[in-house]
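Protein chains: 2
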Amino acid sequence: MQRFGQVIGLRPEDAAEYIRLHADVWPGVLAKIEACNMRNYSIFRYKDLLFAYFEYIGDDYEADMAEIAADETTQEWWALCGPMQQPVPERADGEWWHTIEEVFHVD
Amino acid sequence: MQRFGQVIGLRPEDAAEYIRLHADVWPGVLAKIEACNMRNYSIFRYKDLLFAYFEYIGDDYEADMAEIAADETTQEWWALCGPMQQPVPERADGEWWHTIEEVFHVD
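So the sequence lines, in the order shown, correspond to chains A and B. First residue of the first sequence? That's 1 in the working numbering, and the numbers climb one at a time after it. First residue of the second sequence? That's 1 in the working numbering, and the numbers climb one at a time after it.
This is chain A alone, in the form it adopts within the complex:
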């Protein structure tokens, strides 16, 4: 299992709607997340920054992320949520959410 921490900006004017949507994420989006080996996935908010934590239990992260990205329902979800987000300037090529460094862990 591999842990991930990620950040992305949240446009302040869209915060309320983003939170409303994420209180009731579409079943098809959740099903794809599970099928693609993401577990224990949480998103937290600090001001205009979203922080995601999840655990990846598969053995081909790139392929699983590509499968999520190719999913039609997920694409519709992203079309709704994406404009509410603002990727951080540090993101790497190909990143939307920016993966950040884990500096500590204990089970």
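Any given hint could turn out to be false.
If chains are identical, the list can't say which one is meant, so a pair holds when it fits in one copy or spans any two.
What the hints assert, rightly or not - Result set (SDA-like, lysine to any residue): computed pairs, CA atoms no more than 25 Å apart in a straight line:
(1) K47 - A15
(2) K47 - Q2
(3) K47 - W77
(4) K47 - D24
(5) K47 - F4
(6) K47 - E17
Simulated from the structure, these hints should not be mistaken for laboratory data.
Fit chain B to the supplied structure of chain A, relying on the hints for placement.
Just chain B, lined up with the frame of chain A:
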């Protein structure tokens, strides 16, 4: 089980030393964390911001946190790490790390 997300600032000039210390946290500090019902505890870094994620499995969070705070080894650890941190202005009375809002979760 209750999930927590927390943030605190990291003084840029202390970042390297903070990371070095957290690669090898004292066993007594880790033992107290476990004894006080914190599990799956990770700290991530994004620029000058630290983000913590952990799961609390006890039934009296305030009491467990007070027990950690009363632990002599933990106090020595905090004396070392505390000055490297910069609490965020949004913290509530009694907070060091500031607990933030969970906007999404799926198992």
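Now for the hints, and whether the structure bears them out:
Taking CA atoms no more than 25 Å apart as the test, K47 paired with A15 passes in both settings, with 9 Å inside one copy and 22 Å between copies. Taking the shortest alpha-carbon separations for K47 and Q2, only the inter-copy value of 22 Å comes in at or below 25 Å, while the best intra-copy value is 27 Å. Taking the closest pair of Cα atoms, K47 and W77 come within 25 Å of each other only inside a single copy of the chain (23 Å); across copies the shortest separation is 29 Å, beyond that limit. In this assembly of identical chains, the alpha carbons of K47 and D24 lie at most 25 Å apart only when taken from the same copy (21 Å versus 31 Å across copies).
For the identical chains of this complex, K47 and F4 are neighbours both inside a copy (21 Å) and across copies (16 Å), given an alpha-carbon limit of 25 Å. Taking the closest pair of Cα atoms, K47 and E17 come within 25 Å of each other only inside a single copy of the chain (15 Å); across copies the shortest separation is 27 Å, beyond that limit.
The structure is consistent with each of the numbered hints, conforming to all of them.
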